[in-house]
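Each chain is listed here by its residues.
2 protein chains.
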Amino acid sequence: MVKLKGNAVIGQSGGPTCVINRSLVAAVEELKKSSLITGIFGARHGVEGILKEEFIDLKKQSRTTLARVVETPGAALGSTRKRPREGDDDCVKIFEVFRKYDVRYFFYIGGGDSAQTANTISALARSQGYDFRTFHIPKTIDNDLIGSDHTPGYATAARFVACAFMGDDLDNRSLKGVKVNVVMGRRAGYLTAASVLGKLDEESGPHLVYFPERRFDIDRFIDDVDAVFGRLGRCVVAVSEGIATGPEDKDLIVTQAGEMLLKESVRMEMPRDAFGHPQLSGTGILADYLVYRVRRLLEPKYEALKKKFRIRGDTFGYLQRSFPGVLSEVDAREAAQVGKLAVQFALSSDIDGSVVIQRKSGPRYAVEITYAPLAEVARGEAEMPDHFINQAGNYVTQAFIDYARPLVGRLPKIGLIQKSLVPKR
Amino acid sequence: MVKLKGNAVIGQSGGPTCVINRSLVAAVEELKKSSLITGIFGARHGVEGILKEEFIDLKKQSRTTLARVVETPGAALGSTRKRPREGDDDCVKIFEVFRKYDVRYFFYIGGGDSAQTANTISALARSQGYDFRTFHIPKTIDNDLIGSDHTPGYATAARFVACAFMGDDLDNRSLKGVKVNVVMGRRAGYLTAASVLGKLDEESGPHLVYFPERRFDIDRFIDDVDAVFGRLGRCVVAVSEGIATGPEDKDLIVTQAGEMLLKESVRMEMPRDAFGHPQLSGTGILADYLVYRVRRLLEPKYEALKKKFRIRGDTFGYLQRSFPGVLSEVDAREAAQVGKLAVQFALSSDIDGSVVIQRKSGPRYAVEITYAPLAEVARGEAEMPDHFINQAGNYVTQAFIDYARPLVGRLPKIGLIQKSLVPKR
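Protein chains in written order, with my numbering: chain R, 925 to 1349; chain S, 925 to 1349.
Calculated from the structure, these hints are not laboratory results. Model, not experiment: these values are computed from the prediction. Zero decoy hints are in this set.
The list treats identical chains as interchangeable, and a pair is accepted whether it falls inside one copy or across any two copies.
The calculated DSSO-like cross-link candidates involving lysine-lysine, where the alpha carbons are at most 30 Å apart (straight line), are:
id, residue 1, residue 2
1, K1343, K1006
2, K1187, K1174
3, K1017, K1006
4, K956, K983
5, K1343, K929
6, K957, K1348
7, K1174, K1006
8, K1225, K976
9, K984, K927
10, K957, K1024
11, K1006, K1123
12, K1006, K1100
13, K1123, K983
14, K957, K927
15, K929, K983
16, K1123, K1232
17, K983, K927
Whole structure, please, built from the sequences with the hints as guidance.
Shown next, in the form of structure tokens:
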């Protein structure tokens, strides 16, 4: 194996998480140990920083700074939605910059898009005969990377969502009604599924959970809510922001919500994200629409029965990936490990790859962290497996709970009052 | 003083908090010590439970249960928005029930409305010559009770909001843009003001804060956002759900949002809460409307300058009052103290009252917990004092920070990377 000596660039890409900086700092600490690495350059806002030649000198960061950054949510170097494609001018430009700065190692922390970027750059290096190592360091709260049991970032976001539903269910027990909570996840329902992990008993919410992996039927949804509300006088629902009636953007329920609430009233096109898809996060429109649809049908029904019908909707939004101080210990540990191991793999082998986490079978939670070819992880996104969703498509299975519980860790201990009633006089 | 012997009823009312059960359990523990108290009855869903004679036997709760309930957000007995008024049939009925069950002590945990209910019942008891003690135990995340420096429930909700903005600002540094976050608080801006408490430096968000105490001007708001975005390339905004152009319901910005987004498109009246006011929480409509208004003006402006203009809105919703595990230690302690002292006051004096927290002057945080006449606390709600809001009405003052910081406690330690750039080649 050729001992490749030169500078290393590290960058962060995509939606930030609460543990993405743990991967960054662990990689930096590991890079510092190697005599092959001359400079450690942090690209500001991922590939944008490479293109603009905006690098932070990561060797100049004090121990105190790095120790603080470890604990800090968000992407310390800045992130980006930019995704250069093979054949782009940007790819050529990135290469010019890497040559100019004698960059021989590139580490990119991110999701599937970032694996794609790393893969494109890896291919370009090979085609140009430039000696170069690239490693993708996995990160995504969506938990949808191919080849991994789970992805750093997910477990902490899942813990936040589980805690959020614990609290919200207690709030809903206090003041009864229907509550619809929208959870992040465009294509994968993992984060929405985590809503069930803090349930105290059979009567606890969420009572219904809807995933992007199953076609959403608004009439069945309203029937489901009606059934739970009729039985318990309340109903807490977890809905993935990506619920849809089909695979196209136009099939997203949020698109229908936008058509109704924005296009008709303010003659505005549905806001779109950096990739031109309908914007799912950072708007309450899906929750408001679902609340509107349920209220329109069920409020008159229950009012006719002289029963109060209260309904509210919340969208958990960016707090799911950024709220500080609510950490999965497993996630914190593994986020550091994937950063450290990416560097070790890059320095000790002559392949480019993506770090993957595999779970060992057995009664106790244990993982093996290894790597896969970049092209494999860059292939696309994984959905939740079928056996994590129930037959009716409105709840998780025990298999999901067994899968997710060790990741999220012990949740806050709470309890309900015992219903020993005073005899009526 | 007459030694009044009989049963005690305790109830919870209004929006729940994360520490309302600490007041409940502390009161129960204190009631258990007294030989004057025969039974301790928990009213299910406040006055609703009294009217339906649904009482939980709180003497029958195990130590383990009570220890768990202490840690649990939400109202363990159930809460209510029902507010009986003097002269109501309900008030007469409550009295019949109290007589029938030999209730001689009534403790009501809640906000200004609950103080009013307690006051009404106290007056009724006096007018009927029924020997009876009532105490109001303060609780509200709005922090708007008359006569108190602050109210149990506020500090924990404020801590959540401060943490939420810490994380959201880091997210916004990662992927720059405008972010509008709507915070609870119909008439008082205390909770929205808490958004600033976790700021790391001058460049940290929130950069702008808007309160119900100041008339909201949408044009000035957009100008403010434009100025910050022009300077930093990003802008994080905290907006109280109660912002308005005047004192009436029709003046609420959420009403204008509802007119535009609901009335025009789905021909729906603005959803209303239990009191017939426009519903502020449990909908994302205010954030979506503000985002729409800002985007319509500023997106074309920045696009003409070839600058990307990204804007998102979140509504923090019910998580602010229910998220478990994020606790202000001061709040936890004081919530228990007001419960315990309410019982001590009721048992040792022959007046009815409301527990109030007063802050002692001096360099270290210290309080005195005493009581005020019920009628005084029942008078209405307090707004934030003028000197907590800056001249422009778009930020807090240092006086607010000095007031709030000891309540919220130490926030998670985070830090930014140092901007030591690699010299360009």
